[in-house]
Structure formats: structure tokens, C-alpha cells
Amino acid sequence: MSYEVPKKFPTTVVGSYPKLGNASEIIKKRDRNEISEEEFHEKIRDSINEVVKDYLEAGIDIISDGEQSREDMVVYFAQRLKGYNEGDWVRIFDNVYFRKPIITGKLERIKEMIITDWLYTSKISNGRPVKLIITGPYTMLEWSFDLFYGDRREVIMDFAKIIREEILEGIKNGAKYVQVDEPALSTRPWKEEADLLKEALDYIFKGIDAKRIVHICYGRLERLLPYILDYPVDQFDLEFKNSDFRLLPYLKEYGYNKELGYGVVDVHSLQIESVNEIKDAIDKLMKLDIIGPEKVFIDPDCGLKLLPRDIAKGKMINMVKAAKIAREQY
Amino acid sequence: MVKLWGAVLGGYPRSIDVRHEMRDLERGDSTYLDHEITIAISSSAVIGAQISSGLRYVTDGMLDFHDIFRPFLESWRNVSIAGLLRYFDNNFFYRIPIFTAEPDVEKFVWAKRIRFYKKVAYPSLLKAVIPGPLSLVLMGKNESGLSKEDLANSISSILSMEVEKAEKAGAGMIQIDEPILSDHEISEEDAELAKELISNIAKRVKIPTALSVYFDIPKKEVYEKIIDTKVNYISLDIMDSPSRALDLIESKGFSDKKPILGLIDSRRIYDDNCDKIKEIFTNILKIEKEEVGITTTTWFDVIPYNFAIRKTYLLGYCLEKLGNELNAEIINPIKEVEKQ
Ligand SMILES: [Zn+2]
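Chains as they are written, first to last, in the working numbering: chain E, 1 to 330; chain R, 1 to 340.
In case anyone wonders, no lab produced these hints; they're calculated from the structure. Just to be clear, a hint being listed does not mean it is correct.
Stated by the list, open to error - Restraint-style ranges between C-beta atoms, simulated for each label pair:
no.: 1; chain 1: R; residue 1: 20; chain 2: E; residue 2: 310; range: 30 to 36 Å
no.: 2; chain 1: R; residue 1: 35; chain 2: E; residue 2: 33; range: 38 to 44 Å
no.: 3; chain 1: E; residue 1: 33; chain 2: R; residue 2: 30; range: 26 to 32 Å
no.: 4; chain 1: E; residue 1: 198; chain 2: R; residue 2: 241; range: 19 to 25 Å
no.: 5; chain 1: E; residue 1: 198; chain 2: R; residue 2: 161; range: 25 to 31 Å
no.: 6; chain 1: R; residue 1: 326; chain 2: E; residue 2: 192; range: 44 to 50 Å
no.: 7; chain 1: E; residue 1: 56; chain 2: R; residue 2: 161; range: 42 to 48 Å
no.: 8; chain 1: E; residue 1: 244; chain 2: R; residue 2: 335; range: 26 to 32 Å
As the list claims (entries may be wrong) - With the C-beta cut set under 7 Å, the calculated list includes, among others, these residues of chain E facing chain R:
no.: 9; residue: 85
no.: 10; residue: 88
no.: 11; residue: 149
no.: 12; residue: 225
no.: 13; residue: 229
Cβ coordinates follow ideal geometry from the N, Cα and C atoms, glycine included.
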């Protein structure tokens, strides 16, 4: 089954979706070693089915598995790599914690981590492309403790090696859209930090025959932007709505000409943006005449995992409607 | 001979008991009395860890603070809290203060805590830590109708009363945290505003006062205002970038302030190396020859509890080692008592 992705304003998602069905319970069972990794991915399929159903009903063009297997974008990988020890609880906000993993040895990939879910999702996507999404080396480093390397560049390059192996396996299986998530980069919008990641991305994406996407969100994107423009990627997927489109004039200023994953709905707000509001957001970008409609991918600011399902889906539905209207206009 | 002393900069992570107790309280499965008892026991434990490390000033761990602003916001009128925002370059989020009208104080945060914990802290002195007015204003939302300056002024009036009450209750030091001053986008006008307001707050007490700036090394123009503020001590995060910190200190000095140096890395979990600390410290001794405090780079709340306790011990250990190797006089409250 093949699916024609619209030439202008294709719609997509950043990755995560609210945990549906028994996903959270299944993750806990896997954590407690009550089920094997194989059983885990088998059992999580019911949740992926539900995610894909929502995406297809909303009409999203390029979908994801909703990251139903991932309790957390760093912990998921830490639990599956050699060189990590389970961490202890560290607070994120209020009385909410995550188990920040600890690097205690040389990092190595044992086996594939995201391919099984990706393959399954591709099977049930009615031909729509599915993004292969992996947490990037910079974020893996920043959101782990390191007790082994003591040298940030070394850690990042070892992560790069692991990530490249995973991506190559995805490509071998037919992945056409590869996204590396780097939310931590925007917290340190400095050139040295951006350069550190660039070296890793050069390695990761070398010769990769697929759409290469990097997602970055929040923080000070406008400060980061000039340092990342020469990254070896086809598309930056960025948050705009939450920061009130503050970034737009900077795209113009820096002569941005890559594809853009354009975040038009706020994943931290329970309010479903109206079709008009989203269409206005698209107009804002188009008026600046930075890139053509074939380079603009309409999506949310970030993963939808913190939203209730009906609101997440409502936002997707309106996003698709707004993109359709825009396609007629531009 | 240079005088040396140690102190932990701010709050501690929550032990498993506190985490569970707070969760139970949120769920309605616990009572406020249970909560207070758990906090009291756990706070006493972290105070004990600091005393036994020979620290001159100790904190009560601020285990019930969700972030550096929250207890104050919850004690003032015309302030609410909203969604989460990233707290500097940490994977940690604070709730945004929203000032809806001129803030007004309903109750004070520190006096009660100081009265309770100062006995536990003996022979060390208990420190009261307050957020600075500039961080509160710039990291919050001003919907009060007041100008930024008026709002900051009004906040600093409340904080002035807060520190007076803390002093009266027996606090040994007042520390004013202005992490926002480490932000390189802070304007000179904002830094000047912080300087004026903090000077006004510090003026209200006779006990030692410290202005503490962390997460990064402030830019030069801002640093000049910092060392010009009327406090006794300036506390800096040295280990985030030791070379930039030394450059700044070598070029600008400390004015007439005494430095408190953040030399124990409280955002990472490796064991701090006393020899590396000594290297940096020796450079600073060329500039400050009378008195230096040694502290942690930031609060402890982004590492697990057991590592924070370990680092408290390392702070005391390195302090002692530095004192011996550099032939300095260490102010260690336990030893003072032993002498008596
Ligand atoms: Zn994101």
C-alpha cells in the first residue's frame, strides 16, 4: 500500500502520544523483569494500534508509534544499552521524579531498540510513512550522569556510534524519515555546545539516504539558531507556538532555507487551537517568505504525551484541517 | 593566615521517606502532622550531616521547597503560580510566579523554621536563603499593572521584613539567591536594580549577608554590580567553568566583599577531587588573603539524595585538607566547642 504525502504542508507529529491502554502497566512489568523484551514489544502493540487509529482518523500524513514503549526518552535507551546502571530518583518538578541513569562503563549497543515498534507501526499505517525517532547523543549525555568517561565529547561520540547503528538498521528496513531528538541542546544555546553536537551529527547522518530531521524545543532557540544552520540535516523540527512564534523573524534574519517542522500547537496547553488559529500561524510563516510550502511540515511543538487523549487528538484534527486550507491558498 | 570555612549553598534532595510522605499527603493518605514530623526528622538528618562535616553555616535542607520561589509565593497575597518553565540549563522545572497585583505578605517563611532548627544546628549556624527580587520578577510574569521596578521594589520590601524576622528568630546568615544574574542577557540596568534592592534588604540585618549567583559565571558588566552590592559575601559557581571564573576574578577581584567559592560540583555525581580544587583555590588566594568560604556550586536538588550526603562529606574533607596543606585557619564549629 502506498500513500501520497502531500507536496505542500504535509502534517506530521514530533513523536510521543499519551500512553494508551495498558502501556504504563506493561512498561512497569518490563521494568520488574516480569516479561521479556520480546513479550514487552508484543504486548505494547495494542497501545500502538490505538495511537495509529487516532493519527489516521485525524489524517496525519507522517506518523509515529506514539513512543508507547518509552517511559522516558532517555531511560528507555539507558535500560537497553551496555554501560549504563540504573539511576536513583532525581526531581524534575514539584514532587515528580525520574530515575536519572548513570553511565558506568563503555557505552555499547546490544541489539535494536526502536526497530520492532517501528516495523509494527509501518505495517498498520495504511502506507503512511512512519518516523524513526531516537533520542540524540547530546540529550542522552546531558540527561544522564557520567561516572565513566569524564570527557563529554567522548561520551557523545560513543552515543553517535550507537545511534548511527540503530538508524542504519531502520534504513535497511525501509525507514524514510529519521528524527533525532535533542531537547537538551536549547538549554545551552552556545556555539561550543552546538559544535559538539554537529560533530556527532556529521558522523550519525553520513551517507544516510532518508529525510534527516533534528527536533529541538523550548529554551532559547533564537540564540541557538545561527550555530546549527550548517548541521547535516534536511529539516529542523522546532517549537514555535509555545514561545508565541518569537523565532520567526530570526529564521528570516539568518536566511533559513532548510525544511521546517513548524510547531503550531502548544503541547502544554489543554486548549485545542482552532483551525483559524492554526491557519493564522501558517500565514505568519508564509508572509515572511522564508521558505516555500513544500518545505513546511505542519506539526505540534513537541511530543503530545502529557495531554489527555481527546485533547491531543482534537489538536491533530484541527492541524490537518488548517493544513488542507493552506494547501489551497499557497 | 587566611581563614577558611565551609557551607552547603542551598537545598538538599528529598530522601525516600520525604518523597513518599509528600506523595501520600498529595493523595490525601497522610496528615499535615505526619508531614511535619517527616520533614523535621529528615531535615535534622541533613543538618547533622553538615555539622559532622565541620561546616560553619548549615541549611535545613529546604526539603519541602518545590523550587526556590514556591514557599514565598505561597505566603504572599496577589501572587499565583502557573505552568512549568525550565530552570536554567537543568532538566528541572519551576512553576512560574504570576504577580496579579502588588504583592503583600501573609506570613513569613523563615522565622518559624529558624526557631525550630537552630537548636538542631548547634554549634553550626543556620542560614536563611531567600530568592532575590530580580530573579522573582524576571522569571515570573508581571500582570500586576506595576512597572518592573515598582514590582521588584515591592517584593524587596517583603523580603526585607522576611530577613528581619529570620534574624530575630536566630538565623546565622542571610543568603540572597539571584541565579538570574548569571544569565548573559541580563542588562546593566537590571543588574543595577538587583544591586540596589539587595543592598536595601541586606541593610536591614546585622548578621552576615551573602549574594549568591550560580549556574554560570556572570558577564563582566553584571559582575561589577554584584561586587558593588552592600552585602558581606559574594558566592559564585566556580566549577561550572573554572577558567572563566578565574579570568573574571583575576580581572575584577571581589571589591571589599569576602568570597564564597562554589568548588564542590553539586549538579554531577562524581567524587570531587581535592587536589584540583586546591589548584583553583591557590589562584584565588593571590587575590583574597583574609577569609574565604567554600561551598557547593548550586543547590543539591538535581542529584540523588545519597550523592548529596556524600558531597557534604567531601566538602568537609577537602576543606580540612586545604586548611592543612595551605596552613590556613579553619573555622570549624565543632572544634571551637571542643576548645571551650
Ligand atoms: Zn520536544
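Kindly confirm whether 44 to 50 Å is satisfied by the beta carbon distance between residue 326 (chain R) and residue 192 (chain E). violated, 33 Å
Given residue 149 (chain E) as an interface hint, is its Cβ closer than 7 Å to any Cβ of chain R? Violated, because the Cβ-Cβ distance from residue 149 (chain E) to chain R comes to roughly 10 Å (cut-off 7 Å).
Per the CB criterion, is residue 229 (chain E) less than 7 Å away from chain R? violated, 21 Å
Per the CB criterion, is residue 225 (chain E) less than 7 Å away from chain R? violated, 15 Å
Satisfaction of the hinted span 26 to 32 Å by the C-beta atoms belonging to residue 244 (chain E) and residue 335 (chain R): Because 57 Å falls outside the window, the suggested range is violated.
Take the shortest C-beta to C-beta distance between residue 88 (chain E) and chain R; is it under 7 Å? Residue 88 (chain E) check passes; min Cβ-Cβ to chain R is 4 Å, inside 7 Å.
Distance restraint hint 26 to 32 Å, applied to the beta-carbon atoms of residue 33 (chain E) and residue 30 (chain R): holds, 31 Å
Hint check for residue 310 (chain E) and residue 20 (chain R) - Cβ pair distance inside 30 to 36 Å: At 32 Å between Cβs, range holds.
Does the Cβ distance between residue 35 (chain R) and residue 33 (chain E) fall inside 38 to 44 Å? violated, 34 Å
Quick check on a hinted range of 19 to 25 Å for residue 198 (chain E) and residue 241 (chain R), using CB atoms only. Hint holds: Cβ distance 21 Å, inside 19 to 25 Å.
Starting from the hint 25 to 31 Å, judge whether the C-beta atoms of residue 198 (chain E) and residue 161 (chain R) obey it. Since residue 198 (chain E) and residue 161 (chain R) have Cβ atoms about 51 Å apart, the given range 25 to 31 Å is violated.
Is the shortest C-beta separation between residue 85 (chain E) and chain R less than 7 Å? Residue 85 (chain E) check fails; min Cβ-Cβ to chain R is 11 Å, beyond 7 Å.
The structure fails hints 2, 5, 6, 7, 8, 9, 11, 12 and 13 (numbered hints given earlier, in ascending order).
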